[in-house]
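**Student:** Protein chains in written order, with this note's numbering: chain A, 1 to 555; chain B, 556 to 1018.
Treat the hints as calculated values from the structure; they're not laboratory data. Please note that a few of the clues may not be correct.
Okay, the calculated bits of chain A under chain B, using three or more residues with CB under 8 Å as the criterion [claimed, not checked]:
(1) 422-435
(2) 516-523
(3) 537-545
If you want the footprint, here are the derived chain A segments under chain B, 3+ residues with CB under 8 Å [to be verified]:
(4) 211-222
(5) 379-387
(6) 438-445
Computed from a predicted model, the values in this text were never measured in an experiment. Each residue gets a CB set at the ideal place from its N, CA and C atoms; glycine is no exception.
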Amino acid sequence: MHPMHSPKLLFRRGVGLILGAACITSWMIVTSYSWPGQLSRARHGGRVTAEEAARFLQQSTWGPTADLISHVQDVGFRKFLEEQFDAPMSSYPTLPLVPSTPPVDCPANSICRRDNYTLYPVQTRFFTNTLYGEDQLRQRVAFALHQIFVVSGVDIGQGYPSRFTPYLQVLDSDAFENFRTLLYDITLNAAMGNYLDMANNRKTNPNENYAREVLQLFSIGLNRMQPDGSLVRDVQGQTFPTYDQAVVNAFARLFTGWTFAPAQNGLTNYIDPMRVANAANHDTGTKTLLRGVTLPAGQTAAEDLDDGLDNIFQDPNVGPFIGRQLIQHLVTSNPSPDYIKRITDVFNDNGSGVRGDLKAVVKAILLDREARAASTPQSGHLVHPVLLITRLARAFNVRSADGTGDSDGYLNPQSQAMGMNVFSPPSVFSYFSPSGGVPGSSLRGPEFGLLNTSTAVARANVVNTLVFSRIAAGTAYPFNPSGTSLDFSAFQPLAGDPEGLVDALNALMMSGQMSPDMRSAVITAVSAVNSSNTLKRVRTAVYLIATSSQYQVER
Amino acid sequence: MTLSRREFLRRSGCSALSVGALTSGIDRFGLVQAFAQGNSYRALVCIFLAGGNDGNNMLVPLDAAGYAAYAAARNAAGLAIAQGSLLPIKPKSIGTEFGLHPSLAAVHPFFTDGKLAIVTNVGPLIQPLSKQDYLSGAPRPYQLFSHADQISQWQTSISTGASGTGWGGRVADVLGVNPSGYPLITALAGGIFTRGQLTSPLTVAPAPTALNRLLLLSGFGTAADEQARLTAMNYLRTIGRDSPLVAAASNVTQQALDIAKAFDVDPVVNTVFPNTTLGNQLKQVAKLMKFNLGSGARALTRQIFFCSLGGFDTHQGQVNTQATLLTQVGNAMKAFYDATVELGIESQVVTFTLSDFGRTLQPAGSAGTVGSDHAWGNHHLVMGASVMGGDLYGVSGPSGTVFPTLQLGGPDDTDTRGRWIPTTSVDQYAATLARWFGVDEININTVFPQLRNFSTRDLRFMI
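Let the sequences and hints guide you as you build the complete structure.
**Tutor:** Spelled out as structure tokens, the structure:
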């Protein structure tokens, strides 16, 4: 779909990186700086090091590649971000609407059924976007937004691709727009309208679902926060709820009157934004919203909606609430209060007096000194299953099973085995809670919500499949037309030198943060493989790194 | 309840697991004898009905006045179940008849047979709360009507704020951490219910995954280079532990690999289970029970299981959705009970439901799309041969019985939509189960710190 990089180019760049990285890493070990503080010392004349570039790409893309590392070294962080903001959008196609019940000429296990009644085309497009798309940062941010503004394919009728891609188009196109624009577009998206019951919400028995979740999950959260994300407390230590049931009731009434756009060929319209078909369905009474702001009686549904979303958007909680989550998705589960505060400040004012500029927020998150400084024992985050797959796949020139073309992107089964069914989180509370903890610690670790005895082993076994085998084509017809494989040929020339091999992999996979004892353990295992079997040597090293907690906690 | 971090680490099985288990190895469960001695086997099996099951349609009054009140609130919008299709039951302690949702046909006979009880109008509370108390601002649970918070309160039995541990996990904590690393708690689904201060659950896939296929690491042969790779992989879990995130991730993997060694057979349970989400979870529970019972002196004497079925958040389309889901619940519970009979432990196992919250008696929307919204007090099923079935349980409320008054704006309603203020707390419900399970009175107060606020400490639905 997006053959962005020619294999030849990757190969050439790959070798260049390998040699350079080996040199730098050896130097760092010889001078025996206590790792990982060494990274910031590895600069040469202001040029970004390969390790720094790799770490930046861990946070801003679906995984560093050899050529992107070189590129970031060439242009620097800021220029790379500008390129990413302007990169053509991969996004998702608008598909023809289909009847709720599959017609008889669209039987089970057919391509018709696969493409119109399962999330297959959406999930595979998602993976090919992450693997090959140029707009890496947009895709990464949009997926973070999906985990905040959740619509799940689990719900009956959402799993239809034609109903789902317009929702993803909103996330993609608004990822770098203003938060207020995103809030408006997502509120009127038809899939969201169905999922949280704003569609056909009427003044008789208004439905509270969207009202509650837009406040609790999409914008301000439950409790008053300081700009640094800490909770506001009184002298007794009590927190202050951001809203009560009366405010939820008011927003439930505010969101009345909306329904789907006119049907197309008798099919419910999930493509266009919702609209007001009958003004009489809107509750025109006065409404008291957040912070005691009152809307007058007699407003139209559209006027109420604009005022209501402004009321939410202007709430001081939005900056720390959304900012912290974006930091958690991109950089670290445990940002310092100062880091959150700096992002809140940018959310509140991008420097030009604009509130809610998501492009400025994302830029600030990635260029923040805490994101760029050397990692600490508390920093980083456990990668979620999708990121585990894409980081590995992108590092090793992911191809179709026979190596001749692109992967078909049918990687959701692997992600699902690790507990993350893409676009089908169990509920509006997403795949894991942003406030989830690290077991046995007081730290936050949202992604640990997906890690348990079952998925921990699945992580190792997915790595085993990708590294030592491949996902063959055609075994799950019609779902995997071309399969997926990794290409280790760029590293096989290094197999005769286990130290050099491991150092090169360290630079690419772990942004040079591998500890000396981990390095020597991997080298020992690589050396145990017969030197004539260069592929198995590389695979052994990659397997050990990719299954390690040191790699899966991205720091 | 709060242990210092140091205390936690000292007492935790995790620190031992991380390094000790690497070298010690475990044989089968490797249990200390003290653990296996004492009372005979007992198990708690929790079924979480995720999304908020509408108890108002699960248990409906059948007497003329009661049904009329129910129908008055729900019939016009199309949410009332026809009187004639409800499955009649006669609770022993109440003079009037009630009806179960018609989709619970599979478990209906258990009520009459005295093996199914229903705890009514139960929900999170901090202290007993009358409508007057509620309206005058008396302490009430944190973030009522919100999914995430109410799920947490049902699963943690802490209503004053967020809790890092669930009540299942804390029950397991006070019964002692198994030194082998094989936890008392097994999770077939995610939820904070299973997490304790000292206990983290074994998480396994549901049936049809065979027990001896659970948690197996693939890709290692006997060749020297592959064993060298395995040695290195094992070593990597012991280093880099200055990062709490790295250490925690390594601990989970280590626990999984230790336990995988113990699962050396795949026991057969002959009872036929429905091939559904919940059916497959409960089938795996039955197999895990059989496996444990076959472990001789090393068998666990206490086990807790957590299962979950989603889809109950029926803001819309409730009529069909809830019917489908309750059919699945009833059929799976029936099969599971039959399996405990097959294993000869039907008196030693109790199955019970939890859910986010009840739903508004007043419908949301109408006709084909009718549903209901988030509410509070709800009704729950408790099943097993040691259950004093055939009755409704709880603390009597304004109606004079344990069943709420089905009246919008009435004495049990928080507002005008039919959100019942619970007359029985989650603490009382859970403590009754925990006491039967073997938690003594001192530890009950530790596990359920809010229980002291309620005069009734046991709802008496367990034998």
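**Student:** A separate judgement is required for each hint: does it hold in the structure or not?
**Tutor:** Hints, one by one, checked against the model:
With 6 residues having a beta carbon nearer than 8 Å to a beta carbon of chain B, the segment 422-435 of chain A meets the requirement of three or more and the stated coverage holds. Taking a C-beta to C-beta cut-off of 8 Å, the segment 516-523 of chain A contributes 4 residues in contact with chain B, enough for the three needed, and the coverage statement holds. Counting residues of the segment 537-545 of chain A whose C-beta lies closer than 8 Å to any C-beta of chain B gives 3; at least three are required, and the coverage claim holds. With a threshold of 8 Å between beta carbons, the proposed coverage of the segment 211-222 of chain A by chain B holds, since 3 of its residues qualify and at least three are required.
Counting residues of the segment 379-387 of chain A whose beta carbon lies closer than 8 Å to any beta carbon of chain B gives 3, which reaches the threshold of three, so the coverage claim holds. Only residues whose C-beta sits within less than 8 Å of a C-beta in chain B count toward coverage, and the segment 438-445 of chain A has 7 of them, enough to reach three; the restraint holds.
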